[in-house]
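Novice: Heads up: the protein sequence lines correspond to chains B and C, in order. Position one of the first sequence corresponds to residue 1 (the numbering used here), numbered consecutively onward. Position one of the second sequence corresponds to residue 1 (the numbering used here), numbered consecutively onward.
Worth double-checking, as some hints may not be accurate.
Computed beta-carbon distance windows for the label pairs [stated by the list, open to error]: (1) B/Ala133 / C/Ala209: 40 to 48 Å; (2) C/Gly38 / B/Glu22: 16 to 24 Å; (3) C/Gly205 / B/Ala133: 48 to 56 Å; (4) B/Ile47 / C/Ala209: 57 to 65 Å; (5) B/Thr196 / C/Asp127: 22 to 30 Å; (6) B/Arg199 / C/Tyr61: 39 to 47 Å; (7) B/Ala56 / C/Tyr61: 41 to 49 Å; (8) B/Thr196 / C/Glu125: 18 to 26 Å; (9) B/Leu33 / C/Glu17: 23 to 31 Å; (10) B/Thr4 / C/Pro77: 56 to 64 Å; (11) B/Glu65 / C/Ala142: 56 to 64 Å.
Since the hints were derived computationally from the structure, they do not count as laboratory data. Ideal Cβ placement from N, Cα and C applies to all residues, glycine included.
Each chain, written out:
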Amino acid sequence: MAETDSLKRLKEELGKLPGIGERSAERIAQHLLALPSEEALALARAIRDVKQKIRACSRCGGLAEGDLCPVCSDSKRDAAVLCVVEGANDMRSLEATGAFRGVYHVLGGRLSPLEGVAPEDLSVEALLSRVKAGGVREVVLATNPTAEGDATALFLLRVLAPLGVKVTRIARGLPSGGTIEHASPPMLADAIEGRTELREDGASPAARGN
Amino acid sequence: MILRTEGIVIERREWSEASQLLTLFTATHGRLHAIAKGARRPKSRHGGGVDLLDRVQALFYPRPGGLNLLAETSVLPGFRGLRARLDRLLAGLGVAEALRDGTRDEEPAPEVYALAAETLGRLGESDRPGVELAAFESRFLAAVGLAPRLDACASCGGEAPEGEPVGFSADSGGVVCRACAAESGAALRTLRPAARALLRSLAAGTPAARVRPDAASLRQARAALTDLLRTLGERPSRPGDRFARWIEQSPARG
Ligand SMILES: [Zn+2]
Ligand SMILES: [Zn+2]
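Full structure from sequences and hints, please.
Specialist: Printed below as a string of C-alpha cells:
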C-alpha cells in the first residue's frame, strides 16, 4: 500500500499550506494524482526552483533570482529615494500599488526588545553605508505602523539624521496596529504618497488612538 | 461565561491567517493569554487588531488550562505621547517586558496593574524615561518580593561600607560585602555610592520626577535592577537590556 502512504503524505503537506483545510487538501491531492506526470512534476520543479534560486538581493535585501532584484536592476527607478521596509513581503505589497518609483532597503525585521531583536540584528549598517555612499536624497521609513515599527522608525531617524539626508515616514492612514502586508493597495498608495518629514522633536509620528 | 476586564497588551503574536495571540496584563486577572480570532480583519470585533502597549477593554471566555478566547476588544484612550519619542517607547516596552517575564498567569495583582498604567501614562510626558523606568522596576521588584537589600551585605548580613564602591549580586539579592564578593569569585557588578543612593530613594518610593541622577549612576542602578528582573520568571534567557543606551541617553533634541 505504498501509494496510499504517499498520497497521505501529499495530503498532509498540502494541509500545512495557509488557507488549505483537510477537504481542499484532499481535492488538490486527487487532482494532482489524475494529472499527467509531466504536469504534476512541473509544480514540484517550480517549488524546488523557488527554494534553490531565490535569494536576497545583494543591494537591497529583497527577493532576487540573480545578484540583484528586479527593482535594483531597473535603471528607470529613482535610486535617490530609498524606502526602508521591515520585510520582503512589505516590498512586494508596496510594489503592487505602483505608487513608488524609488528603490528599497529591506531591514529583515523590526526592533523588538520583547523578542530580543536589537539594531545589530537588522541590516542597519548596510543602510547607513548605502546612504553614506551618496546619491540618496530621501529615506522613506515604511516600517509598520505598530509600536515596534514606530520604535524602528524613530531609531533609524536618530542614526540617519546626522548624515544630512531627508527622512520621511509613510502617512498614518493605515489602520493602527495593522501591517503593511494586510493593507489594501489604495490605502498603501495613499500612505506612501502622503509621507511626511520625520523629525526628532516629539511631534511626529503622530501618536495613535489618543 | 463571559468576563470583562481592562488590560495592557504586553505581547502580540500573529497566529494563523488573521488571528492574534495576545498577552494582556489585566487589572483583574493578572497576566492573561488569549486568542483574538480574525483580529486583523478590519471589520472584526477587535477593530482590525490591537498593538503592544494598547490599553484595551476585553470581553473573553475563560478556558481553564487552555487559551482564553477573546470575544471582543476595544482600544481605550491610550498613553498619550508614548510613541512620539524613541526613549519613551523603549521604556514603555521595558515595562511590558517586566510584566511579561515577572508575573504569573491569572494571578490578580491590581497594585501592579495600577503601577504599570500610571508609569505608562507618565512616560508619555517624560523627558527622562530612563529614570521613570528605573522607578517602575524598583517598585515592581518590591511588589513581587524581590526588593534588593541595600543597607547591609545581602549574603552574610555583614557591613557593606557606605561612601565607597560596593559589589552587587542579583543572585544574593543586593549589595555584598568585600569578603562575600571575594568568596563568590565571579566578576560582580559594582555600584558607586550615588547609584546605591539612587536605588535607595527609588525603593523608598521617591517619584522619578524628584530624583536627578547623573548618567553613570542611572546606568549602574538600571543594570542592577535589570539583573534582578532577569532572575525572575520562566525566561532566564531575557535578552538583557541591549536597549539601555537608547533609553538612557538624553535625546539629541527635545
Ligand atoms: Zn534589490
Ligand atoms: Zn557578606
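Novice: Could you run down the list of hints and mark each one as holding or not?
Specialist: Each hint, compared with the structure:
1. Taking 40 to 48 Å as the suggested C-beta distance range, the pair B/Ala133 and C/Ala209 conforms, at roughly 45 Å.
2. At about 20 Å, the CB distance of C/Gly38 to B/Glu22 agrees with the hint of 16 to 24 Å.
3. For the hinted restraint 48 to 56 Å between C/Gly205 and B/Ala133, the CB-CB distance of approximately 52 Å keeps it satisfied.
4. Taking 57 to 65 Å as the suggested C-beta distance range, the pair B/Ile47 and C/Ala209 conforms, at roughly 60 Å.
5. Here the CB-CB span from B/Thr196 to C/Asp127 is close to 24 Å, well matched to the stated 22 to 30 Å.
6. At about 45 Å, the CB distance of B/Arg199 to C/Tyr61 agrees with the hint of 39 to 47 Å.
7. As the Cβ distance of B/Ala56 to C/Tyr61 is approximately 43 Å, the hint placing it in 41 to 49 Å holds.
8. Evaluation of the 18 to 26 Å hint for B/Thr196 and C/Glu125 yields a pass: the beta carbon distance comes to about 23 Å.
9. One distance hint, 23 to 31 Å for the beta-carbon pair B/Leu33 and C/Glu17, holds here, with the actual separation near 27 Å.
10. Between B/Thr4 and C/Pro77 the C-beta distance comes to about 59 Å, which sits within the given range of 56 to 64 Å.
11. Between B/Glu65 and C/Ala142 the Cβ separation comes to about 58 Å, which falls inside the hinted range of 56 to 64 Å.
Consistency with the previously given hints is maintained throughout, with no hint failing.
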